[in-house]
Amino acid sequence: GAVVSQHPSRVICKSGTSVKIECRSLDFQATTMFWYRQFPKQSLMLMATSNEGSKATYEQGVEKDKFLINHASLTLSTLTVTSAHPEDSSFYICSADTGYNQPQHFGDGTRLSIL
Amino acid sequence: GESVGLHLPTLSVQEGDNSIINCAYSNSASDYFIWYKQESGKGPQFIIDIRSNMDKRQGQRVTVLLNKTVKHLSLQIAATQPGDSAVYFCAEKGAAGNKLTFGGGTRVLVKP
Numbered sequence: 001g002a003v004v005s006q007h008p009s010r011v012i013c014k015s016g017t018s019v020k021i022e023c024r025s026l027d028f029q030a031t032t033m034f035w036y037r038q039f040p041k042q043s044l045m046l047m048a049t050s051n052e053g054s055k056a057t058y059e060q061g062v063e064k065d066k067f068l069i070n071h072a073s074l075t076l077s078t079l080t081v082t083s084a085h086p087e088d089s090s091f092y093i094c095s096a097d098t099g100y101n102q103p104q105h106f107g108d109g110t111r112l113s114i115l
Numbered sequence: 001g002e003s004v005g006l007h008l009p010t011l012s013v014q015e016g017d018n019s020i021i022n023c024a025y026s027n028s029a030s031d032y033f034i035w036y037k038q039e040s041g042k043g044p045q046f047i048i049d050i051r052s053n054m055d056k057r058q059g060q061r062v063t064v065l066l067n068k069t070v071k072h073l074s075l076q077i078a079a080t081q082p083g084d085s086a087v088y089f090c091a092e093k094g095a096a097g098n099k100l101t102f103g104g105g106t107r108v109l110v111k112p
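Note that the protein sequences, when read in sequence, are chains A and B.
Numbering of the first sequence is given in our numbering, commencing with residue 1 and proceeding in unit increments.
Numbering of the second sequence is given in our numbering, commencing with residue 1 and proceeding in unit increments.
Check each hint, because a few of them may be wrong.
[As the list claims (entries may be wrong)] FRET-style restraints, in silico, Cβ to Cβ:
{"#": "1", "chain 1": "B", "residue 1": "ALA24", "chain 2": "A", "residue 2": "GLY61", "range": "23 to 29 Å"}
{"#": "2", "chain 1": "B", "residue 1": "THR69", "chain 2": "A", "residue 2": "CYS13", "range": "46 to 52 Å"}
{"#": "3", "chain 1": "A", "residue 1": "LYS55", "chain 2": "B", "residue 2": "ASN27", "range": "25 to 31 Å"}
{"#": "4", "chain 1": "B", "residue 1": "GLY104", "chain 2": "A", "residue 2": "GLN102", "range": "22 to 28 Å"}
[To be verified] Here chain A is said to cover these stretches of chain B; the calculated rule only asks that three of the stretch's residues, wherever they fall, bring their Cβ under 8 Å from a Cβ of chain A:
{"#": "5", "stretch": "27 to 37"}
{"#": "6", "stretch": "41 to 55"}
{"#": "7", "stretch": "98 to 112"}
These aren't lab readings, by the way, just hints derived from the structure by calculation.
Glycine included, every Cβ here is placed at the ideal spot set by N, Cα and C.
Build the full structure now, drawing on both the sequences and the hints.
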């Protein structure tokens with residue numbers, strides 16, 4: 001149980017393109033999902049908390065107009081990287097919370113490469 | 001582009017030996033702790049968790065120890081196998097609601 005699916009797994013696109021990444025909880029409902037960014041050989045950095053039916057909460061230093069988050073249902077959150085540039089190239093990972101004193105379960109990440 | 005990353009601490013272990021990975025946490029208000037395994041190009045995978053009212057919990061080939069006095073967490077892997085080669089992260093929950101705070105990670109390399 002507690003499977004999180006993330007799509008696409010890899011994106012390569014030109015500078016200026018907007019890219020949408022989907023995160024789905026397959027066998028459970030997730031009121032809260034999270035989006036992380038991970039640089040090589042580093043830990044996960046929380047970008048934002050995605051709340052079903054309400055606005056996302058962004059961590060300090062993360063541009064909300066750059067990284068648009070939509071959580072329209074209890075099983076789907078999307079992250080759109082708008083007008084992506086090479087510095088946005090990274091590994092983006094989503095997770096879904098399963099409750100108090102319960103783990104977050106993670107998708108397999110999206111490798112974004114902006115040329 | 002992506003920044004140059006720091007080198008993760010690496011634990012090299014002989015196949016069949018036991019591994020011990022350590023983690024220090026900073027927030028005494030954290031009440032739930034998790035170990036994750038991350039293989040190259042994949043997301044973190046849940047291994048084992050422990051609540052703050054416990055000091056030890058065992059799973060299949062893994063044991064987590066929690067020392068709240070010194071805010072230390074460890075993961076022990078018994079009879080380490082090649083498939084255990086990965087980066088291991090500890091994470092704490094509770095101080096800031098349902099957010100996780102991750103440790104820096106340790107790379108485990110299993111030598112045949």
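What are the numbers of the hints that this structure violates, sorted from low to high? none
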